[in-house]
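*Asks:* Going line by line, the protein sequences match chains X, G and D.
Take the first sequence: its position 91, counting from 1, is numbered 91 in the numbering used here, and each next residue is one higher.
Take the second sequence: its position 122, counting from 1, is numbered 122 in the numbering used here, and each next residue is one higher.
Take the third sequence: its position 117, counting from 1, is numbered 117 in the numbering used here, and each next residue is one higher.
Treat the hints with care, since some could be wrong.
[Unchecked claim] Under the rule of at most 27 Å between Cα atoms (straight-line distance), these lysine-lysine pairs were calculated in the BS3-like manner: (1) G/Lys177 with D/Lys82; (2) D/Lys127 with X/Lys73; (3) D/Lys114 with X/Lys106; (4) D/Lys127 with X/Lys109; (5) D/Lys156 with G/Lys83; (6) G/Lys218 with D/Lys114.
FYI, nobody ran anything at the bench for these hints, they're computed from the structure.
Okay, here's what each chain looks like letter by letter:
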Amino acid sequence: MALLEVIGLNKYFDGFHVLKDISFSVEKGEVVVILGPSGSGKSTLLRCINGLEEIQSGQIKLNGEVINEDSTKWHLIRQKIGMVFQSYDLFPHMTVFENILLGPLKAQKRDKKEVARQAEELLNRVGLLDRKNFYPRQLSGGQRQRVAIVRALCMNPELMLFDEVTASLDPEMVREVLDVMLELAKEGMTMIIVTHEMEFAKAVADRIIFLDGGEITEVAGAQEFFTDPKTERAKNFLNIFNFKEYKKGVDNNEKI
Amino acid sequence: MQDLGIRVLIEGNNLYRLMGGLLITIRIAIISAIISILFGIPFGIVMTSKNKLVRFVCRTYLEAVRIIPVMVWLFIFYFGVPKLTGIHIAGDVVSVIVFSIWGTAEMGDLVRGAVTSLPKHQKESGKAIGLTNLQIYSYIIIPQSIRRLLPGTINLVTRMIKTTSLVVLIGVVEVLKVGQQVIESFVLQSPSASFWVYGFIFFLYFIICYPISLFARKLELRWKE
Amino acid sequence: MDIGFILEISSLYLEAAKFTLKLASIGIILSLLIGLFCSLVNYYKVKFLKKIVNWYIELSRNTPLLIQLFFLYYGLPKVGIKLGAFTCAVIGLAFLGGSYMAEAFRGGLEAVSKAQIEAGLSIGLTKAQVTRYIIFPQALAVSIPSIGANAIFIIKETSIVSAISLKDLMFVTKDIIGIYYKTNEALLMLVVAYLIILLPLSLLLTYIERRLRYAGFGN
Ligand SMILES: Nc1ncnc2c1ncn2[C@@H]1O[C@H](COP(=O)(O)OP(=O)(O)O)[C@@H](O)[C@H]1O
Ligand SMILES: [Mg+2]
Chain X
1 MALLEVIGLN KYFDGFHVLK DISFSVEKGE VVVILGPSGS GKSTLLRCIN GLEEIQSGQI
61 KLNGEVINED STKWHLIRQK IGMVFQSYDL FPHMTVFENI LLGPLKAQKR DKKEVARQAE
121 ELLNRVGLLD RKNFYPRQLS GGQRQRVAIV RALCMNPELM LFDEVTASLD PEMVREVLDV
181 MLELAKEGMT MIIVTHEMEF AKAVADRIIF LDGGEITEVA GAQEFFTDPK TERAKNFLNI
241 FNFKEYKKGV DNNEKI
Chain G
1 MQDLGIRVLI EGNNLYRLMG GLLITIRIAI ISAIISILFG IPFGIVMTSK NKLVRFVCRT
61 YLEAVRIIPV MVWLFIFYFG VPKLTGIHIA GDVVSVIVFS IWGTAEMGDL VRGAVTSLPK
121 HQKESGKAIG LTNLQIYSYI IIPQSIRRLL PGTINLVTRM IKTTSLVVLI GVVEVLKVGQ
181 QVIESFVLQS PSASFWVYGF IFFLYFIICY PISLFARKLE LRWKE
Chain D
1 MDIGFILEIS SLYLEAAKFT LKLASIGIIL SLLIGLFCSL VNYYKVKFLK KIVNWYIELS
61 RNTPLLIQLF FLYYGLPKVG IKLGAFTCAV IGLAFLGGSY MAEAFRGGLE AVSKAQIEAG
121 LSIGLTKAQV TRYIIFPQAL AVSIPSIGAN AIFIIKETSI VSAISLKDLM FVTKDIIGIY
181 YKTNEALLML VVAYLIILLP LSLLLTYIER RLRYAGFGN
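Given only the sequences and the hints, what does the whole structure look like? Please build it.
*Replies:* Pasting the structure below:
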């Protein structure tokens, strides 16, 4: 049985059809990368899976159980689905440690000692244990994002959602965050990742879902998608990231 | 004799008298507001001066005016100034003086806020497209400052109108005083007169101030973008 | 200036200052409660209450305290509602201050971004927990300067309660001017008394504002 199953999901923003009949599933331990042009609905899809957006039709199943029908239960579901945002969204009035402990202590009502130990271990793994008493504003973007990942991980989620988590980082900080995610993938964490880092996607993904205009237009293994995309849209999309063929003085217009 | 109830308001020339009182209140508010705006604008611009001493003097004036309640300022000018100078000033003149001093300070702070909140690059981008200083001021700085200024200024006017109610306490015969007189002269025919008269004055202030604040809020919303 | 006289009347001013502070404190506390209630009603868009709250805010903001006091103290007894002068002053101040505090809280609540709320939800907190652990602390930090400014405003507004014969600083001053004709001394003491109350508060507020601006936790 798949860990996550999305069946016939439709989402509208006041009449605007953002997600059209989306169906896919994610197996336990699988890493799925969602690619697609800006505005194609990637963020919205992740937000639907985490109950931050209401859907108009379709089903979302976690471990075979429908999770999108009882809106009063979302806070319980979200404890099993971690989400990391592009803008980190750490709580600015709390220290790094307080940020991480809030969910496990208040939402999951776990034992403080046990959680603190786990939090320290996780912080240590992302190389930020010495920053545990800092406030978010005292950290760099890359550090903040790593804390945000730890904050989600400390809930022991079964599934992690990442929405362009490196998109607002300075280039030199992108790597430190991606490394954390690669590490997680290696350990078998189930993840759905939205990213524009193509090399990273190639390395981390088991499967690529290509989203265009709110529709899934292509699903393929990572290798296959990058070397031999089936649809014209996907080919164009990949070309945007390809600078290799550009040379000064050569007219490249035809290739686009 | 039967209680007149709410009819006390229209008995004899009561309504006329009350409205006359209101006019005095409003006249004080409007004159003070005009003076405040006229003096407040240059004062605000002076407040943005680069000279530290100038800024300090302005700041001190503003804070001194602000920290002491307006009521106390009215007392100082009404009781204190005649005592010191031997010149008696009428209550309504005192009111206009005090409200103008207070209003100039507040208006100045609004102007300072509006001018300093303009992003620097506005001026620079004006220069970049080759405008002269005068053009920059007349096409960029002043129109934008007015937009930022107008809601606050209108709010200041409503505050001024509300504060004008205090002048009764230094003996100015305005709407509240006229109200008291009406209540006294109808104490027999209308024992409940004070309920209706004060209620009516409350209502009067509301129907004057409410549309003005509504207008200020509309402007603020419209110009936010 | 008659120094001896000033010393003589200083105890009167001390009493009056205490009274002013007592009245203002009660007014401020009630204003905070009313303001918090109103801002929450608006923030969570409670249907029916929202209308009432907004009408209250408009009434409060667009009428002078003095008229409110006259109506409460002289008007209401004529329809059978008899309230003491102190009660009237407290009601008046709370009625006035409540809408100002509501505005202060509103500013704070609006400053909490949707992203913060969603980040809270995404770690499995309930809405109530998000309100308590994320929205409240952040909103309060933003509101504090306005809350402080409103508190000072309310203290200053107490300066008109002598109109309903409460024995505050203005009342004592008028008394002394009327009885002894010592205008200068009385006015000097009046200003000094208000400065002693308001200056430290105002400086404290400036200090807090700076701290919040420069060293605040905001990222
Ligand atoms: N809250 C919203 N209200 C209305 N339209 C929205 C909202 N959020 C996103 N959209 C629209 O939905 C589409 C998909 O947005 P999004 O999921 O953010 O795309 P992506 O993450 O792929 O760039 C866009 O056209 C966007 O303008
Ligand atoms: Mg997006």
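*Asks:* Hinted pair, alpha-carbon criterion (27 Å max): lysine 177 of chain G, lysine 82 of chain D. Please report holds or violated.
*Replies:* holds (22 Å)
*Asks:* Given the proposed pairing of lysine 114 of chain D with lysine 106 of chain X, does the C-alpha separation stay at or below 27 Å?
*Replies:* Holds - the C-alpha atoms of lysine 106 of chain X and lysine 114 of chain D are around 20 Å apart, at most 27 Å.
*Asks:* Does lysine 109 of chain X lie within 27 Å of lysine 127 of chain D when you go C-alpha to C-alpha?
*Replies:* At roughly 16 Å apart (the allowed maximum being 27 Å), lysine 109 of chain X and lysine 127 of chain D satisfy the hint.
*Asks:* Would you mind confirming whether the straight-line C-alpha gap from lysine 127 of chain D to lysine 73 of chain X stays at or under 27 Å?
*Replies:* Roughly 11 Å separates the two Cα atoms, so the pair holds.
*Asks:* Between lysine 218 of chain G and lysine 114 of chain D, is the straight-line Cα distance small enough, at 27 Å or below?
*Replies:* This hinted pair holds, its Cα atoms lying about 25 Å apart.
*Asks:* With a cut-off of 27 Å on the C-alpha distance, tell me whether lysine 156 of chain D and lysine 83 of chain G pass.
*Replies:* Distance of about 25 Å is within 27 Å: holds.
Comparing the model with each earlier hint shows no violations; every hint is respected.
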